[in-house]
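Going line by line, the protein sequences match chains E and H. Just so you know, we're using the working numbering here: the first sequence kicks off at 464 and counts up by one. Just so you know, we're using the working numbering here: the second sequence kicks off at 2 and counts up by one.
The reader is advised that the hints may include incorrect statements.
Stated by the list, open to error - Taking lysine-lysine pairs in the BS3-like style, the calculated list, with each CA pair at most 30 angstroms apart, reads:
#, chain 1, residue 1, chain 2, residue 2
1, E, Lys609, E, Lys550
2, H, Lys96, E, Lys528
3, H, Lys12, E, Lys528
4, E, Lys600, E, Lys550
5, E, Lys600, H, Lys12
6, H, Lys96, E, Lys489
7, H, Lys218, E, Lys600
8, E, Lys491, H, Lys96
9, H, Lys218, E, Lys550
10, H, Lys12, E, Lys609
11, E, Lys550, H, Lys96
12, E, Lys693, E, Lys735
13, E, Lys528, E, Lys499
14, E, Lys748, E, Lys735
15, E, Lys528, E, Lys609
16, E, Lys609, H, Lys96
Derived by calculation from the structure, the hints in this document are not laboratory data.
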Amino acid sequence: MDKLSPVNVGEGPALSASGLTKTFGKLKAVEDLSFKMPRGGVIGFVGPNGAGKSTTIRMLLGLIKPTGGNAQVLGHGIGTPSTYLNKVGALIEAPVFYPSLSGSNNLRALAKLGGFPLEQVPRVLETVGLTSRAGDKVANYSLGMKQRLGIAVALLPAPELLILDEPTNGLDPAGIVEIRNLLRQIGSSGRTVFVSTHLLSEVEVEADRLVMIHNGRLVFAGELADIMQKACESVYAAPENTADLPLLIGLVSEAGHLFRQEDDAVTITAPKEWSSELNRLATSKGINLRELRPQCESLEDIFLSMTRGEVAK
Amino acid sequence: MNRVFSSEWLKIARPANVLGWMGPVVLFAFMGTMFNFMDAATAAGQFRGPFGIAPGPEQLAAPGGWIIGIYSASSFIGLIALAIFATNIARDYEKGTIRILLVMEPNRFRLFFGKLITLSSFVVVITAGAAVVTALVSLALAPGENIPVDAWLSWLGIRDLLIGFANISLATIIWGLIGGVLAITTRSAAISISAGVGFLLIFELLIGQFVESVGTKLPATVLGALASGGTINIEYSTALTFSLAYGAACIIIATLIFVRRDVTD
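So here's chain E without its partners, still in its complex pose (with noise of 0.2 angstroms):
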């Protein structure tokens, strides 16, 4: 089966958390962590390093047992991970390989380990663009083609369900392109594509949901659209000639929203929709704008705003 290929998505959440917690003696690595993502698309899983992500990634898929709480991954408890691992591919931090094994090796080795078609193996090298490198010991790969063959080992299942953690870590820039391409391209295929990562600014162009936790704990869980809708309430606008400007706050004013007078401009607290209706406004009282844009914070700028509580800890 082409791992692109669509596929009828189950009933039911992708993933599921419900007071999911984990702790490493006195550390508590993950605490109460609750969230429900349906399936398709690209789910972000973001947090600073340190944040709790491979820790619930690994409680994920079986690797470690939860302290308190639990979780479903595609409908199933993950107490019995034998019951859904079959329709998952995982990269799970750096990936590792035997090195003295070819990557065409390597991953026959693991897709008889997991009982998958062996016609997968050039498949997946293909997808990742290691076709060429297949013969070659993975002692001699580079950081970021061992990276690749991490991703193809998470395809070698043809998985509705793909939980990476970091995958684009060690990828030159054209490289981090073509995987959050690739994985885009699996998202809209009906599968879920769970990807962890410290780089918001990553899952800002690549996420159509996010988790997002800090310290252990959930920040935020659900719609990037959201999340980014609150992130864009200013409207910057500079008219050409700089004269026109008090009639440009006049007009600002008169239709009731807030302003920040700058040097030739002004910052207007609006949703962005509203910069057509001031463009209308301008225009109709002979004020040709030179810019006009919403002004958007960044993920990174939310992020940091949510969490300030507990960073200035």
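Following the hints, complete the assembly by docking chain H onto the known chain E.
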């Protein structure tokens, strides 16, 4: 279990790996056989050489005489089996490959037993290589030392060869299981091999010297007796019973740890 076996076999049965491990095993078997024949001629079975007490000419001429050489090297071969198990199991933790193995085969019992079966098969293969070399070297050296080989080439001789091979294979696998439990416990190939060799070759010898009553029940001693088909001090049935008990204990402890422990590496 077949899936685990074929996957593990692909990794372990690479020619370089087979030759790398088989080389020292064959060398020890070759040296053990050489010393046996040299000692038999010079000391009439009373000489204690680097491979233990050498057999006399009568023992060498008996139907099982052509496999005796490998008995003398059984402890060395056992230590290599310990290293093979320890290296293969511990490296999955050291390198982190255990994570992806458990994602591909989440049934931990199946994965672990599949690994044990693969490693056991591997050590049997290299032990077979050592047995073949032992038999061939014995056949080559016997005429020079005036040892008759008629009994070796009889049905009785072939039977004794196979029994001897089975005994040493079983002993070698149990040496390997000791390496396996140490590797699972320490998750380090170097530490498990050092601990295994240190205990079995040094500490066990000291215990045997000071507490004679337990000296004949310790792992390296009973495994040596099992490999030789019994000794003057330890009957074959006793050696077999204790060896199987050690093997079972290793499997139980290693399985419990493997199945229950979080994979945080």
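Here's how the hints hold up against the structure:
1. Lys609/E <-> Lys550/E: 23 angstroms, holds
2. Lys96/H <-> Lys528/E: Within the cut-off at roughly 21 angstroms; holds.
3. Lys12/H <-> Lys528/E: 29 angstroms, holds
4. Lys600/E <-> Lys550/E: 28 angstroms, holds
5. Lys600/E <-> Lys12/H: Holds - the C-alpha atoms of Lys12/H and Lys600/E are around 13 angstroms apart, at most 30 angstroms.
6. Lys96/H <-> Lys489/E: Holds, at about 27 angstroms.
7. Lys218/H <-> Lys600/E: 46 angstroms, violated
8. Lys491/E <-> Lys96/H: Holds, at roughly 26 angstroms.
9. Lys218/H <-> Lys550/E: 50 angstroms, violated
10. Lys12/H <-> Lys609/E: 18 angstroms, holds
11. Lys550/E <-> Lys96/H: Holds - the C-alpha atoms of Lys96/H and Lys550/E are around 25 angstroms apart, at most 30 angstroms.
12. Lys693/E <-> Lys735/E: 10 angstroms, holds
13. Lys528/E <-> Lys499/E: 19 angstroms, holds
14. Lys748/E <-> Lys735/E: 21 angstroms, holds
15. Lys528/E <-> Lys609/E: 28 angstroms, holds
16. Lys609/E <-> Lys96/H: 14 angstroms, holds
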